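Spelled out, the chains give:
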Amino acid sequence: MTTRDLDDISALDRALPVLRIILPLAIFVLVICGWEYVVRANGIPPYILPAPSVIAQTLVSDWPSLWPSLVVTLRLTFLALAAAVVGGVGLALLFAQSRLIELSLFPYAVMLQVTPVISIAPLIIIYVDNTTAALLICAWIVAFFPILANTTLGLNSADHNLVNLFQLYGASRWQILWNLRLPAAMPYFLGGLRIAGGLSLIGAVVAEFAAGAGGTATGLAFRILEAGYRLQIPRLFAALILISVAGILIFLLFSAISHLALRHWHESAVKREQ
Amino acid sequence: MHGPAPLVAFGGVDKVFANGTTALKGLDLAIEPGQFVSLLGPSGCGKSTALRLLAGLGRPTSGRIDWPGTSGRPPEIGFVFQEPTLMPWATVFDNVRLPLKLKGVSKGQARGVVEAALARVGLAGFAGVYPRELSGGMKMRVSIARALVTSPSLMLLDEPFAALDEITRFRLNNDLLTVWQDNPLTVVFVTHSVYESVYLSNRIVVMAARPGRVVADIAIDAPYPRTEAFRTSDLYNSHCRAVSAALHQAMGGAA
Ligand SMILES: Nc1ncnc2c1ncn2[C@@H]1O[C@H](COP(=O)(O)OP(=O)(O)O)[C@@H](O)[C@H]1O
Ligand SMILES: [Mg+2]
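Each protein sequence line maps, in turn, to chains R and H. Residue numbers are given in the working numbering: position 4 of the first sequence equals residue 4, and the series is strictly consecutive. Residue numbers are given in the working numbering: position 249 of the second sequence equals residue 249, and the series is strictly consecutive.
The hints are simulated quantities; they were obtained by calculation from the structure and are not laboratory data. A quick note: this is a predicted structure, and the numbers were derived from the prediction, not measured. Where is the CB? At the ideal position from N, CA and C, for every residue including glycine. Certain hints may be false.
What the hints assert, rightly or not - Below are the SDA-like pairs computed for lysine to any residue, each with C-alpha atoms no more than 20 Å apart in a straight line: (1) 101/H <-> 163/R; (2) 271/R <-> 30/H; (3) 101/H <-> 184/R; (4) 107/H <-> 175/R; (5) 271/R <-> 88/H; (6) 107/H <-> 153/R; (7) 271/R <-> 135/H; (8) 271/R <-> 131/H; (9) 107/H <-> 179/R; (10) 101/H <-> 177/R; (11) 101/H <-> 162/R; (12) 107/H <-> 172/R; (13) 101/H <-> 174/R; (14) 271/R <-> 128/H; (15) 103/H <-> 172/R; (16) 101/H <-> 172/R; (17) 103/H <-> 271/R; (18) 101/H <-> 159/R; (19) 103/H <-> 176/R; (20) 101/H <-> 158/R; (21) 101/H <-> 167/R; (22) 101/H <-> 271/R; (23) 271/R <-> 134/H; (24) 271/R <-> 89/H.
Unchecked claim - Here are some of the chain R residues that sit facing chain H, going by a computed Cβ distance under 7 Å: (25) 171; (26) 174; (27) 175; (28) 264; (29) 268.
Could you put the whole structure together from the sequences, leaning on the hints where they help?
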């Protein structure tokens, strides 16, 4: 490789943080402009495909009804995520204490994970009287598995020699768990949390869909169903955008938390100077 | 046996792993207090296994390990692995403090001891640094400081410098000798390097594999302190030749 090539590479490296933002933004602007143009040039009616400008207007004008729905969906999302963390980490800790428990229960955790939640949601909604609780259970089922699987893997990934060192100094099980297994599991747990954050939003929306218009729920999924029935397509798009943006923000939030927690020591988070 | 009671004695120790591997067969070995013993042998001859048994990590399949020098109970032990084996999420200070923390010593009480141990291995200014910011040699020093922090009377080192470059290895050899001479310390040092074992120890136990056993027990009576001048002396060379010959025999005379 010539010096010239190396210079080019390091220039690209330096520009990377800016490009990471500029490039997707440019694509976004391009697609929105194209979309606006196609709709206007062909005179497509809003009930078939609304122009981005119309969707933006709807987002503003319908904000008073969309915002409370967003809050409902987000509350469900974060409750489900909290329950997933408690359930996932709790089960992982239980598994770490006893191999027998892990062998007995893990297949059922997998079963819950591979069964599409949309197919068991109606049952749960029938059996559980409280709609909020039913929705929470559905969202939890979707979100808890990555936390359980990752944390279990993490708790078992502690360096064997370090475990031996702890034993040499007479450490109790609890000391090994607290000072060794939990910190070793942290990167795995945070990876699981990042996935679970997105999944709990998906779980919340799917559960709201399953509960449908029959439920008392007023989450974003209900707004989408409602807009669909009434052919309020711009409103449907507006609700869709809110869900996507919420999902992106949740992902960014947990990426930031993960980075902050691991920045001193884990390869995924440390900056390496060349 | 004459002289002082041995610190520890293996008596007919066998170690057979669950997969059927006989790692040690009929191991008889007594180690006197204050000795610097090297276990030397080809890989797979049970050096690590013997060291781990000494540390209480695993039990002999048969035979016994006695501690006559410390009225039956193992003394305070420091262990250094081949890899530094540090907790990446903890600072150098917290890594070295670990043995004290596990024994319930408070952070305030531990501070002075930890800082002294770090100073002893030449890492006085590095308490707040994370392991990933250190070179291989410095990580090994942290690992040694951690082993020293409980003021052990027995240090067990399992090929601690095998992965380091020669310059770093020589420097750590000298530092280890200094620590040993400055303290009432018994050292059992596992290595597969003839030169390292002759430089460091006053006794070399040569082992052979399949099954793991002792084939020679050689005294290295060169005086301490040993310096770089010793490394180039005729005495050193003649010891190395003798030990090499024993090791060669241990490997069945094969090249
Ligand atoms: N935990 C273990 N389980 C099964 N076999 C082992 C285990 N540890 C070591 N061995 C076997 O025992 C023999 C001696 O190993 P070891 O003590 O590590 O040798 P050395 O340290 O001299 O290279 C080798 O054949 C090795 O494969
Ligand atoms: Mg070994």
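To see whether the hints hold, each was checked on the structure:
For the proposed pair residue 101/H and residue 163/R, the alpha carbon gap of about 15 Å is at most 20 Å, so the pair holds. Annotation: proposed proximity of residue 271/R to residue 30/H is violated, straight-line Cα distance about 50 Å (limit 20 Å). This hinted pair checks out: residue 101/H and residue 184/R have alpha carbons roughly 18 Å apart, not beyond 20 Å. Straight-line distance between C-alpha atoms of residue 107/H and residue 175/R comes to about 16 Å, which keeps the hinted pair within the 20 Å bound.
For the suggested pair residue 271/R and residue 88/H, the alpha carbons sit about 15 Å apart, so the restraint of at most 20 Å is met. The straight-line distance between the Cα atoms of residue 107/H and residue 153/R is roughly 31 Å, outside the 20 Å bound, and the hint therefore fails. Distance restraint check for residue 271/R and residue 135/H: the Cα-Cα separation of roughly 17 Å lies within the 20 Å cut-off, and the hinted pair is therefore satisfied. For the hint pairing residue 271/R with residue 131/H, the CA-to-CA distance comes to about 15 Å; that is within 20 Å, so the pair holds.
Proximity of residue 107/H to residue 179/R is assessed by CA-CA distance (about 15 Å); at most 20 Å being required, the pair is judged to hold. Under the criterion of a C-alpha separation no larger than 20 Å, the hint pairing residue 101/H with residue 177/R is consistent with the structure, at around 14 Å. This hinted pair checks out: residue 101/H and residue 162/R have alpha carbons roughly 15 Å apart, not beyond 20 Å. The hinted pair formed by residue 107/H and residue 172/R meets the criterion: a straight-line CA distance of about 19 Å does not exceed 20 Å.
Proposed proximity of residue 101/H and residue 174/R is supported: the alpha carbons are some 13 Å apart, at most 20 Å. Between residue 271/R and residue 128/H, the direct Cα distance comes to roughly 18 Å. Compliance with the 20 Å bound is thereby established for this hinted pair. With a C-alpha separation of about 10 Å, the suggested pair residue 103/H and residue 172/R falls inside the 20 Å cut-off, and the hint holds. This hinted pair checks out: residue 101/H and residue 172/R have alpha carbons roughly 12 Å apart, not beyond 20 Å.
For the hint pairing residue 103/H with residue 271/R, the CA-to-CA distance comes to about 35 Å; that exceeds 20 Å, so the pair is violated. The suggested pairing of residue 101/H with residue 159/R holds, with an alpha-carbon distance near 19 Å, which does not exceed 20 Å. With a C-alpha separation of about 13 Å, the suggested pairing of residue 103/H with residue 176/R holds against the 20 Å cut-off. Proximity of residue 101/H to residue 158/R is assessed by CA-CA distance (about 19 Å); at most 20 Å being required, the pair is judged to hold.
Distance check on the hinted pair: residue 101/H and residue 167/R sit about 13 Å apart at the alpha-carbon level, within 20 Å; holds. Straight-line distance between C-alpha atoms of residue 101/H and residue 271/R comes to about 30 Å, which puts the hinted pair past the 20 Å bound. For the suggested pair residue 271/R and residue 134/H, the alpha carbons sit about 15 Å apart, so the restraint of at most 20 Å is met. Simply put, residue 271/R and residue 89/H have alpha-carbon atoms about 15 Å apart, close enough for the 20 Å limit, and the pair holds.
For the restraint placing residue 171/R at the interface with chain H, the shortest Cβ-Cβ distance is roughly 5 Å, inside the 7 Å limit, so the hint holds. This hint is violated: residue 174/R has a C-beta 11 Å from the nearest C-beta of chain H, more than the 7 Å allowed. Hint on residue 175/R holds. Least Cβ distance to chain H is approximately 6 Å, under the 7 Å limit. Using the Cβ-Cβ criterion of 7 Å, the hint placing residue 264/R at the interface with chain H is satisfied: the shortest such distance is roughly 5 Å.
Given the 7 Å rule on beta carbons, the hint for residue 268/R is violated: about 12 Å separates it from the nearest Cβ of chain H.
Hint violations for this structure: numbers 2, 6, 17, 22, 26 and 29, all remaining hints satisfied.
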